[in-house]
Amino acid sequence: MKNSATSAEPAARGAWLGRLAGRSRKSAYAAGRQAVSRRRFGSADLLTVLAGLAVSFLAACALLPGWIAPYSPTEMNTAAILQGPSSAHLFGTDYFGRDVFSLVVYGTRDSLLIGVSSVIVGVLLGGTLGSLAGYVGGRLDAAIMRIMDVLLTIPGILLALTIAAALGPGLRNIVLAIAISSVPGYARVMRGQIMAIRGRGYVFASRALGTKPSDVLLRHVLPNSAAPLLVMATLGLGSSILAGAGLSFLGLGVLKEIPDWGALLSQGRGYLTVAWWICTFPGLTITLFVLSVNLIGDRWRDAVDPKRKGR
Amino acid sequence: MLQAALSRLLSSLLVIVGSLALVFCIFYLLPGDPVLSMVDPTSVSPEVIENLRQQLGLDRPFHERLLTYFGDMLTGDFGRSLVGSDPVLPKILAQVPSTLLLTAASALVAVAVGVTLGVLSAVRKGGIIDLIARIVGLFGISMPTFWSGILLILIFSVQLGWLPSMGSDGWRTLILPALALGFVGAGSIVRMVRGSMLDVLNEPFITTLRAKGLRERAVQYKHALRSALIPAVTLIGMQIGDMLAGTVIIETVFSRQGIGRILADAIMAKDLPVVQGIVFFTAIVYVGINLLVDLSYAAIDPRIRRKGAKS
Numbered sequence: 001m002k003n004s005a006t007s008a009e010p011a012a013r014g015a016w017l018g019r020l021a022g023r024s025r026k027s028a029y030a031a032g033r034q035a036v037s038r039r040r041f042g043s044a045d046l047l048t049v050l051a052g053l054a055v056s057f058l059a060a061c062a063l064l065p066g067w068i069a070p071y072s073p074t075e076m077n078t079a080a081i082l083q084g085p086s087s088a089h090l091f092g093t094d095y096f097g098r099d100v101f102s103l104v105v106y107g108t109r110d111s112l113l114i115g116v117s118s119v120i121v122g123v124l125l126g127g128t129l130g131s132l133a134g135y136v137g138g139r140l141d142a143a144i145m146r147i148m149d150v151l152l153t154i155p156g157i158l159l160a161l162t163i164a165a166a167l168g169p170g171l172r173n174i175v176l177a178i179a180i181s182s183v184p185g186y187a188r189v190m191r192g193q194i195m196a197i198r199g200r201g202y203v204f205a206s207r208a209l210g211t212k213p214s215d216v217l218l219r220h221v222l223p224n225s226a227a228p229l230l231v232m233a234t235l236g237l238g239s240s241i242l243a244g245a246g247l248s249f250l251g252l253g254v255l256k257e258i259p260d261w262g263a264l265l266s267q268g269r270g271y272l273t274v275a276w277w278i279c280t281f282p283g284l285t286i287t288l289f290v291l292s293v294n295l296i297g298d299r300w301r302d303a304v305d306p307k308r309k310g311r
Numbered sequence: 001m002l003q004a005a006l007s008r009l010l011s012s013l014l015v016i017v018g019s020l021a022l023v024f025c026i027f028y029l030l031p032g033d034p035v036l037s038m039v040d041p042t043s044v045s046p047e048v049i050e051n052l053r054q055q056l057g058l059d060r061p062f063h064e065r066l067l068t069y070f071g072d073m074l075t076g077d078f079g080r081s082l083v084g085s086d087p088v089l090p091k092i093l094a095q096v097p098s099t100l101l102l103t104a105a106s107a108l109v110a111v112a113v114g115v116t117l118g119v120l121s122a123v124r125k126g127g128i129i130d131l132i133a134r135i136v137g138l139f140g141i142s143m144p145t146f147w148s149g150i151l152l153i154l155i156f157s158v159q160l161g162w163l164p165s166m167g168s169d170g171w172r173t174l175i176l177p178a179l180a181l182g183f184v185g186a187g188s189i190v191r192m193v194r195g196s197m198l199d200v201l202n203e204p205f206i207t208t209l210r211a212k213g214l215r216e217r218a219v220q221y222k223h224a225l226r227s228a229l230i231p232a233v234t235l236i237g238m239q240i241g242d243m244l245a246g247t248v249i250i251e252t253v254f255s256r257q258g259i260g261r262i263l264a265d266a267i268m269a270k271d272l273p274v275v276q277g278i279v280f281f282t283a284i285v286y287v288g289i290n291l292l293v294d295l296s297y298a299a300i301d302p303r304i305r306r307k308g309a310k311s
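One line per chain: the protein sequences are A and B, in this order. Its first residue numbered 1, the first sequence is counted upward by one per residue in the numbering used here. Its first residue numbered 1, the second sequence is counted upward by one per residue in the numbering used here.
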């Protein structure tokens with residue numbers, strides 16, 4: 001109920017503009033609503049819809065690989081070793097006679113798990129540190145941000161690599177490594193956003209009414225600061241997946257029977273001259289996923305860009 | 001100006017000391033015993049492990065170890081490799097030229113492609129160059145470097161046979177790795193330059209310049225480009241650091257000599273002193289590049305020059 005009241009108001013404004021342009025009241029109202037919703041969510045053009053479909057399909061691969069993959073990823077068919085793409089094996093077969101398409105489908109789970117969990121951990125850590133630094137300010141701010149500066153002296157992929165090397169291979173360690181290397185970026189954005197929102201009139205008003213500082217932060221400042229961080233997290237998902245694939249490619253990944261995308265590429269590298277498909281298709285899948293996520297992130301960022309925001 | 005530069009230099013030094021401490025913390029505070037990664041505990045008696053621990057000074061308190069470590073690093077003693085026990089610093093320095101050459105070539109590709117496409121696409125928004133720029137931008141940030149490297153090998157070495165796929169002798173071996181590594185940087189730079197150029201072209205001072213009858217070329221390439229380059233230069237500095245770190249993957253893909261390759265090998269062999277030395281070296285170069293970037297602002301933007309003179 002509350003929602004419809006707030007969204008009706010700008011729509012009515014749109015309708016008023018429409019009437020000025022000589023349209024009928026009803027269609028102008030609809031056009032106004034459409035313009036408002038388009039501004040808020042970004043126009044869903046064909047490319048974004050395709051990107052959404054690609055992400056959904058790969059998410060389905062991660063959740064229910066058995067429903068999509070035609071073969072078992074561990075099934076070795078000695079009669080079909082290093083076969084090129086065909087109708088029986090869409091992406092060809094590898095040197096054990098495993099179906100590359102099924103390997104890619106099954107590899108989705110670990111690849112996405114690494115990407116999504118490291119973004120969640122990174123956003124939670126970075127967001128909390130950035131909020132504290134921005135809201136409390138003073139010495140705490142200086143201390144947190146100097147630590148972030150130091151973390152930033154080592155390029156992201158190298159920091160992740162170093163932490164992963166120190167912790168050893170494994171899913172949890174790789175997630176932690178990528179998450180930590182992404183913390184400074186999230187912390188900086190969150191801090192800047194909190195500092196901008198902290199000075200707004202409604203925050204002063206709430207404070208003047210005697211609201212507890214923690215309530216002001218949780219109920220007014222945080223909800224209004226979250227959008228850029230969430231957009232950044234969407235774009236960060238792409239780079240986390242790339243980082244995860246890179247670490248696996250170097251042999252620091254999840255050492256399991258079913259390889260993730262990076263490990264699959266690294267295994268296929270030795271067969272480049274005889275079987276181009278083993279490397280090409282997993283790489284294409286990584287690119288497709290990251291590209292789609294970036295497209296959606298770009299569109300979302302345009303939609304919540306502060307320059308266009310009516311708030 | 002000089003004073004500003006000096007204070008910037010001082011803060012860079014502090015950050016380097018911080019990154020030194022960070023590397024120390026990653027290797028000595030994270031769970032995982034360095035001694036156990038050197039020897040196999042099942043085949044060696046506990047006394048030997050205890051001896052080794054004493055030899056490495058691991059039994060001493062944390063602050064003592066940190067200070068010794070600082071002293072060693074600052075006097076250029078990076079320790080000895082656990083594999084082959086040769087000193088780390090000469091081992092790294094011998095490989096530096098090859099890696100710096102690759103980084104420089106990649107940076108050249110990234111800046112040349114990124115800035116040119118970014119500027120042209122903003123000036124001719126909606127045209128064919130704009131479309132190309134947006135495709136390069138999206139694919140650049142979405143393709144894993146190891147995969148674009150592998151694709152280049154597949155096309156130019158395996159299929160066409162034009163360029164060698166591995167080795168580090170001569171400029172011909174440099175082209176493919178530099179393209180693979182530079183493409184990623186070009187992606188981010190295109191996006192940044194295009195965006196900031198579009199922002200600048202909408203600013204009032206551009207209208208003023210046009211109103212006073214300045215030729216459009218001069219408006220775009222002299223005035224707008226200069227303003228638009230400031231955020232781009234920051235990004236370029238960070239991208240060069242990322243490319244330096246990216247050599248870990250690219251040197252592995254192309255079997256090139258270099259510190260990235262040593263790092264990848266050292267990580268596999270759990271040769272911590274080598275990993276530590278290379279991470280520290282990269283941090284120094286990275287901080288150095290960012291310092292240069294900061295100082296170059298003054299050359300690009302007269303406003304910063306004047307502000308620097310006042311403080």
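It is worth saying that the hints were derived from the structure and are not from the lab. Please read all numbers here as calculations on a predicted model, not as lab measurements. Think of the CB as a built atom: it goes at the ideal place given N, C-alpha and C, for glycine as much as any other residue. Be a bit skeptical, because a hint or two may be false.
Coverage of chain A stretches by chain B, computed from C-beta distances (three or more under 8 Å per stretch; other residues unrestricted) [stated by the list, open to error]:
no. : region
1   : 65-79
2   : 234-245
Covered by chain A, according to a simulated footprint, are these stretches of chain B (three or more residues, beta-carbon under 8 Å) [claimed, not checked]:
no. : region
3   : 62-71
4   : 122-131
5   : 148-160
6   : 212-226
7   : 256-269
Handout entry: Hint numbers not upheld by this structure, sorted from lowest to highest
Key = 1, 3, 4, 6
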